[in-house]
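Chemist: These protein sequence lines map, in sequence, to chains F and Y. Here the first sequence stands for residues 1 to 209, numbered as in UniProt numbering. Here the second sequence stands for residues 1 to 209, numbered as in UniProt numbering.
Read the hints as simulated data drawn from the structure, not as lab findings. Any given hint might turn out to be false.
[To be verified] Listed next, the in silico EDC-like pairs over lysine to aspartate or glutamate satisfying Cα-Cα at most 16 angstroms (straight line):
#1 Lys74(Y) to Asp97(F)
#2 Lys74(Y) to Asp26(Y)
#3 Lys203(Y) to Asp31(Y)
#4 Lys196(Y) to Asp57(Y)
#5 Lys103(F) to Glu101(Y)
#6 Lys103(F) to Asp57(Y)
#7 Lys5(Y) to Asp26(Y)
#8 Lys103(Y) to Asp97(F)
The model shown is predicted, which means the values in this text are computed figures rather than measured ones.
Number of protein chains: 2
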Amino acid sequence: MPSYKLYYFDGRGFGEASRQLFALADVPFEDVRLTREKFMELKPTFPYGQVPVLEVDGVQIPQSVAIARFLAKKFGFAGKTEVEQAIVDGICDQWKDFYVEIKPYFYGKLGYCPPGWEDVEKAKTEVLIPARDKFFGFLKNLLNKNKSGFLVEGGVTYADLFITDNMTSLVGLVPEYFEGYPEIEAYYKHVQEFPKLKAWLAKRPNTPS
Amino acid sequence: MPSYKLYYFDGRGFGEASRQLFALADVPFEDVRLTREKFMELKPTFPYGQVPVLEVDGVQIPQSVAIARFLAKKFGFAGKTEVEQAIVDGICDQWKDFYVEIKPYFYGKLGYCPPGWEDVEKAKTEVLIPARDKFFGFLKNLLNKNKSGFLVEGGVTYADLFITDNMTSLVGLVPEYFEGYPEIEAYYKHVQEFPKLKAWLAKRPNTPS
Numbered sequence: 001m002p003s004y005k006l007y008y009f010d011g012r013g014f015g016e017a018s019r020q021l022f023a024l025a026d027v028p029f030e031d032v033r034l035t036r037e038k039f040m041e042l043k044p045t046f047p048y049g050q051v052p053v054l055e056v057d058g059v060q061i062p063q064s065v066a067i068a069r070f071l072a073k074k075f076g077f078a079g080k081t082e083v084e085q086a087i088v089d090g091i092c093d094q095w096k097d098f099y100v101e102i103k104p105y106f107y108g109k110l111g112y113c114p115p116g117w118e119d120v121e122k123a124k125t126e127v128l129i130p131a132r133d134k135f136f137g138f139l140k141n142l143l144n145k146n147k148s149g150f151l152v153e154g155g156v157t158y159a160d161l162f163i164t165d166n167m168t169s170l171v172g173l174v175p176e177y178f179e180g181y182p183e184i185e186a187y188y189k190h191v192q193e194f195p196k197l198k199a200w201l202a203k204r205p206n207t208p209s
Numbered sequence: 001m002p003s004y005k006l007y008y009f010d011g012r013g014f015g016e017a018s019r020q021l022f023a024l025a026d027v028p029f030e031d032v033r034l035t036r037e038k039f040m041e042l043k044p045t046f047p048y049g050q051v052p053v054l055e056v057d058g059v060q061i062p063q064s065v066a067i068a069r070f071l072a073k074k075f076g077f078a079g080k081t082e083v084e085q086a087i088v089d090g091i092c093d094q095w096k097d098f099y100v101e102i103k104p105y106f107y108g109k110l111g112y113c114p115p116g117w118e119d120v121e122k123a124k125t126e127v128l129i130p131a132r133d134k135f136f137g138f139l140k141n142l143l144n145k146n147k148s149g150f151l152v153e154g155g156v157t158y159a160d161l162f163i164t165d166n167m168t169s170l171v172g173l174v175p176e177y178f179e180g181y182p183e184i185e186a187y188y189k190h191v192q193e194f195p196k197l198k199a200w201l202a203k204r205p206n207t208p209s
């Protein structure tokens with residue numbers, strides 16, 4: 001079996017979905033959680049000066065979604081057919097578009113307020129809530145199309161992991177995040193009940209985001 | 001062979017890389033170029049209300065990079081090994097991050113100026129040029145690592161197509177875009193000289209972006 005080393009900060013963020021994939025597959029990996037100081041020291045050695053970076057037998061793979069897709073394909077959580085894999089990839093890209101859209105709110109709440117969005121409550125009303133409504137609409141359509149309880153028929157995928165982990169961060173900031181969307185809250189809980197994921201969630205380091 | 005139908009606007013944008021993949025593979029497809037009016041009519045029928053959308057035997061795949069990756073995997077332009085495929089995916093995601101970063105300039109030039117960036121020359125100096133310098137640095141590192149003349153050892157991939165087509169749009173707006181980067185300009189031309197791509201570039205509809 002290859003040797004895996006995942007570099008990220010001591011948070012969930014863009015590294016957690018890959019950690020969850022290792023947990024789902026019962027595959028051991030080195031979970032390297034960098035301090036800011038250690039990150040600055042290693043930054044020039046990473047392909048794009050960023051984390052997460054996955055080292056596979058010494059070869060570095062950068063970019064969070066590319067890492068997770070690589071692991072998901074190996075471990076069987078990338079979709080069951082070629083078309084389903086493309087649909088899962090598209091779901092994840094749609095989630096990343098949502099993530100970019102909510103930055104004025106999300107980054108403001110995390111203490112990195114973008115210029116022009118100093119009023120975080122305004123960002124919540126004008127950015128987060130409309131983006132959530134649109135994105136949850138897409139998720140509802142996907143969930144209605146299949147009976148798996150996940151976003152595609154073939155079962156849990158890396159897209160479910162990115163999306164639900166991000167929901168954990170958002171519901172931590174906005175307790176009413178799921179209000180008016182019981183089917184999305186049920187989906188969120190359903191993913192977290194997936195046995196091997198549930199075990200990982202119970203034992204992982206506890207971080208706010 | 002499956003029947004392929006690609007919906008996009010009458011422009012290159014996020015649809016062109018997939019058209020180029022069909023050309024590289026000599027695979028016929030229906031190149032549906034929507035007017036704004038026709039797009040508004042079809043919008044509710046698309047999974048995320050957006051184009052590009054690829055229909056494969058009637059099944060819709062949304063999201064530009066997911067579509068291109070699906071075709072690239074089928075046609076042999078996604079990377080030659082599992083690790084190389086992940087690195088190609090990561091290059092493309094890094095390019096999308098660059099694309100998001102330069103929006104204040106790029107969208108302003110295309111007539112969709114984001115709030116706070118009405119001064120397009122300021123956006124050029126403060127956003128586009130630093131983002132280009134950073135991104136071109138990454139591309140140089142990738143090109144130096146292999147002898148293929150493409151971003152990975154295994155030859156041309158969908159990442160080369162997205163990146164060089166976007167360069168065509170940017171150099172159309174900023175004639176000095178490659179100044180100080182002869183190796184990147186050489187790479188840009190090298191991709192465009194790839195025989196089947198060259199033939200497509202000569203015959204495709206001519207649009208500014």
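Chemist: Need the status of pair lysine 74(Y), aspartate 97(F): alpha-carbon distance at most 16 angstroms?
Modeler: violated, 26 angstroms
Chemist: Mind checking the alpha carbons of lysine 103(F) and aspartate 57(Y) for me, to see if they're no more than 16 angstroms apart?
Modeler: Given that 16 angstroms is the threshold and the Cα spacing comes to 37 angstroms, the pair is violated.
Chemist: Would the pair lysine 196(Y) and aspartate 57(Y) pass a check requiring their Cα atoms to be no farther apart than 16 angstroms?
Modeler: violated, 25 angstroms
Chemist: Measure nothing beyond the straight line between the CA atoms of lysine 103(F) and glutamate 101(Y); if it is 16 angstroms or shorter, mark the hint as holding.
Modeler: holds, 13 angstroms
Chemist: Could you grab the alpha-carbon distance between lysine 103(Y) and aspartate 97(F) and see if it respects the 16 angstroms cut-off?
Modeler: Holds: lysine 103(Y) and aspartate 97(F) sit about 13 angstroms apart, inside 16 angstroms.
Chemist: Hey, lysine 203(Y) versus aspartate 31(Y), does the alpha-carbon distance stay inside 16 angstroms?
Modeler: holds, 13 angstroms
Chemist: Does aspartate 26(Y) lie within 16 angstroms of lysine 5(Y) when you go C-alpha to C-alpha?
Modeler: The given pair, whose Cα atoms are some 15 angstroms apart, holds under the 16 angstroms limit.
Chemist: With a cut-off of 16 angstroms on the C-alpha distance, tell me whether lysine 74(Y) and aspartate 26(Y) pass.
Modeler: holds, 12 angstroms
The structure does not agree with the numbered hints 1, 4 and 6 stated previously, though it agrees with the rest.
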